[in-house]
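Residue numbers (this note's numbering), protein chains in the order written: chain E, 1 to 239; chain W, 240 to 522.
A few of these clues could be false.
Each pair of labels, with its calculated beta carbon distance range [to be verified]:
{"id": "1", "chain 1": "W", "residue 1": "282", "chain 2": "E", "residue 2": "33", "range": "31 to 41 Å"}
{"id": "2", "chain 1": "W", "residue 1": "371", "chain 2": "E", "residue 2": "10", "range": "36 to 46 Å"}
{"id": "3", "chain 1": "W", "residue 1": "509", "chain 2": "E", "residue 2": "2", "range": "17 to 27 Å"}
{"id": "4", "chain 1": "W", "residue 1": "284", "chain 2": "E", "residue 2": "165", "range": "36 to 46 Å"}
{"id": "5", "chain 1": "E", "residue 1": "24", "chain 2": "W", "residue 2": "248", "range": "38 to 48 Å"}
{"id": "6", "chain 1": "W", "residue 1": "461", "chain 2": "E", "residue 2": "165", "range": "44 to 54 Å"}
{"id": "7", "chain 1": "W", "residue 1": "285", "chain 2": "E", "residue 2": "140", "range": "46 to 56 Å"}
{"id": "8", "chain 1": "W", "residue 1": "489", "chain 2": "E", "residue 2": "215", "range": "53 to 63 Å"}
{"id": "9", "chain 1": "W", "residue 1": "477", "chain 2": "E", "residue 2": "61", "range": "47 to 57 Å"}
Derived from the structure by calculation, the hints contain no laboratory data.
Where a beta carbon is used, it is the ideal one built from N, C-alpha and C, also for glycine.
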Amino acid sequence: MHIELIDFLLRALPNLLIGFPQERPGGLLLSVIIAMISIILGFIIALGMGIVSTSRWVLLRWLAALYVNLGRALPLLFLLLFVHQFIGGRRFNLNFNPTESAIIALTVYASVYFTEIIRVGWLSVPQTQIQSATLLGAGQLRLIRLRLNYTIHRFAPALVNQVITIFKDTSVISVLAVTELTFVSRAILSSNLQNSQYAVQLYVFVGLLYASVALLISQVATLKSGHNRLKQHYVTRLL
Amino acid sequence: MYRRFIALLFVLAVSFVITQPVAQHSAVDAQSGGQSTLDRVRENGVVRIGIRFDNPPLSYIDEDGNWVGFDVDLANEIAQRLGVEIEQVRVDETTRISFLQEGQIDLAVASMNHTRSREDAVDFSITYFWDSQTFLVRKGEFDSLDDMFGRVVAMNSGSSAIGAWQRYVEANGGTPSEIVEFTDKVAAVQALRDGAVDGYAEDGITLAALAAGDDSLVLLSEGFNPVQFGIGLPENDSEWRDIINYTLQDIWLDGTYFEIYNRWLGPEAEVQLPLGGEMEIWR
Chain E
1 MHIELIDFLL
11 RALPNLLIGF
21 PQERPGGLLL
31 SVIIAMISII
41 LGFIIALGMG
51 IVSTSRWVLL
61 RWLAALYVNL
71 GRALPLLFLL
81 LFVHQFIGGR
91 RFNLNFNPTE
101 SAIIALTVYA
111 SVYFTEIIRV
121 GWLSVPQTQI
131 QSATLLGAGQ
141 LRLIRLRLNY
151 TIHRFAPALV
161 NQVITIFKDT
171 SVISVLAVTE
181 LTFVSRAILS
191 SNLQNSQYAV
201 QLYVFVGLLY
211 ASVALLISQV
221 ATLKSGHNRL
231 KQHYVTRLL
Chain W
240 MYRRFIALLF
250 VLAVSFVITQ
260 PVAQHSAVDA
270 QSGGQSTLDR
280 VRENGVVRIG
290 IRFDNPPLSY
300 IDEDGNWVGF
310 DVDLANEIAQ
320 RLGVEIEQVR
330 VDETTRISFL
340 QEGQIDLAVA
350 SMNHTRSRED
360 AVDFSITYFW
370 DSQTFLVRKG
380 EFDSLDDMFG
390 RVVAMNSGSS
400 AIGAWQRYVE
410 ANGGTPSEIV
420 EFTDKVAAVQ
430 ALRDGAVDGY
440 AEDGITLAAL
450 AAGDDSLVLL
460 SEGFNPVQFG
470 IGLPENDSEW
480 RDIINYTLQD
490 IWLDGTYFEI
500 YNRWLGPEAE
510 VQLPLGGEME
520 IWR
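The shape of chain W in the complex, shown without the other chains (with noise of 0.2 Å):
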């Protein structure tokens, strides 16, 4: 038993040796002439965008298992201008770092808020989304982000709502709320639905789109965190991020971006979100 206990300590050990992040290679390896993302794709003329499959109305597969959105058209709009061919790689919150830490994705269009500890794992582009953190609740129930102190709330596992929300309780000197934490935002918003919880927590533009049709449940006009998207990147490769960041301000500078933002938030669309900010331009 004993030795077999060792045997398996040793595996464990070799594998942590052997498991060190890929992008940390190759960032290496770009600085002494070898292979930057942007070579991988132009050789291979592929990249690899990550998007995530379950996001209304910024990504998701519709019913007839079409997949669609904001980001989706993004990340075609910025294959097509790279000239190269798109990838699609299905993504969700606990993926799109890891895959990107390993190289099974170029970037992440997906979402992503841009938080420092998340700039400990991967690099962003410029800001292509703005929005704010907010709680969804029950109509009539509650109307201010104080009356939200002391309760129990909802928010998504891993979301930067959770340490967001502390910090703005613990500034306004309120009563720290008992978060209770979901993997499965539908199942969150069945949470506020039963009364398990009075409010939950996260972007504006999620909470929008998943109360949408619901008469009963209502956004928060205030926000506790604003909250900006950037297209995630792999560590380290300021080669690549100049590219994407460049592409995503001549997509701004056409109007092809205001093409695609209402489309699915302008005035016509299902879930509506008017444009919070407006993306910076290098000349």
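Just chain E, with the same shape it has in the complex (with noise of 0.2 Å):
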């Protein structure tokens, strides 16, 4: 029973891994693939919601409050399906496909939450810094850089959560039948008549490879910031 199962879940490996021979990246590549760039694309967006929502223009600030609203009262599987059903088929002519759909949702998704984020910090800069900064002959630039620079180190958490709960999230694109982790273990499930006593199984160790995925990310996360404490040690001590 034992030696079975070991030798079901690495036949079925590879394919959890990388996806089926005739596509890859599939599997857990795939969902990685797809996180990062949904992540990637979402934090471009934010940064520029982030920083409109602080306009000083109302219509601007109405407008990013509208996306974050939005995109924050509507589940994620609504999202894609509104995505890839109602904007992504023949009514506009876009004939989205699975993948597409996914991305276009996820960084949609990802970015109203990264904007809060973005947004607090952004508020969060205290106005003694920028002020010494201006006194030092910072420009608007360097000043966008200062606050990025405060933002991205202060929140650091609350994005790496972000990030892990983004990544968790492709999960839930396998109802589009994107070849991603989850859909290829329900596939490897129905892939053969005996599979199915394996069920229980299987969707632990899917589970077990999620779980190393999510750790790794704030295993590295929190090096860094070990990293930048020991800088800012080194800058205090200096002083």
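Each of the two chains sits in its own frame; use the hints to bring them together as a complex.
So this is what it looks like as structure tokens:
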């Protein structure tokens, strides 16, 4: 029994990690790739949105608030079906394939949460820092860099949290049959009539795969922030 | 807060207006001389066929990643006879109808039971597969449909078996069963093995496939609801439906149907199901 289970998992492993031979990348690799693309695109949109939402112009602020509120109010699954079925179908002749729809939906989803983090970080930069920088002759660009640096370092834990959440949420896109990890595990279970007996074991194994990537992300983040603390300490000592 | 709520309602209202199903637009277009599905398929040289990936032995992805099964072979045969390329689109029980409505697929060879309620949303071809809904049970515990009255039973969420079983129980004066809905068939069978449910009702073919190789589970010999699979088609496009019906009949008439059927369900196949009906043929 145990040997059969191990044999089953070993046979499933390549498909789970990098997808079926005909459709690579797939599996965990595709989950990571889609999460990375969505996180990077989402972060870029959020930078714009976050800064716009602290703008002096009411209309811009209002639009950014609408985007965030709407994006936050919709469940990811709904957002995904909305993008794929309503917007991305034949209505506007866009014909998104499932992977494109998934990336768009996850990007929007990631961007609304990042926007909030960036907006709060942006507003939390102490006025004294901004004034000192201005006195030292910093221009607009330098000020933006200062505020961004401050935000990213101070709110790193919240950002890392969000990155892990987006990565885990890629499992939702399996409903569109994108060949990511959750889809591959479902397909493997129905690939052979005997496989149904390993349902629980396979899902536990897949859960471990998700967890190990999530842990890896938080480990890397911790190492990096530890490195930053050291640097700060060094600076204080110098002063 | 109040204004935000109003704005949100407004956006939702607008989206309702712009989100009328596409298939209905296209039907209107077809009547007024616009493009029907057939024109579009011929123009693009590609037919997009929705096929399930999680339904052995009718359609599934094997261990080497090949997408195979009865429905897959039939879909390929249809595309070949239409003289166009096939684009296979993976669908499941939840997406096969909405993809048709939104025009993301041109037809669905997806083990779809032809029901009146589904007719509200999409159209169907003539029947191409015959089966009956019944129960999978633990061997030796139950042997007739009446034994399932008042029991805790598993069904697939959204399955036509739910309504059919409730009607059967009512018609036979039994105690209503407690129905537990599953989205994952594998999980439903596991619940049956674990004793969480006493039976699992679904199409006979699906149950036979799920229980193949497991001697502890057995199918009840009687069924409570005959099932007719039709090919799902966009609503109100009769030209397209005619072509698909004629193609199915041609496939039946020259014997290709039996070749495909025996490959997956014949006496030498892993899962065996005697052919349950005969296709209607128009001269």
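Discussion item. I'd like to know which numbered hints this structure contradicts. Please list them from smallest to largest.
Written reply: none
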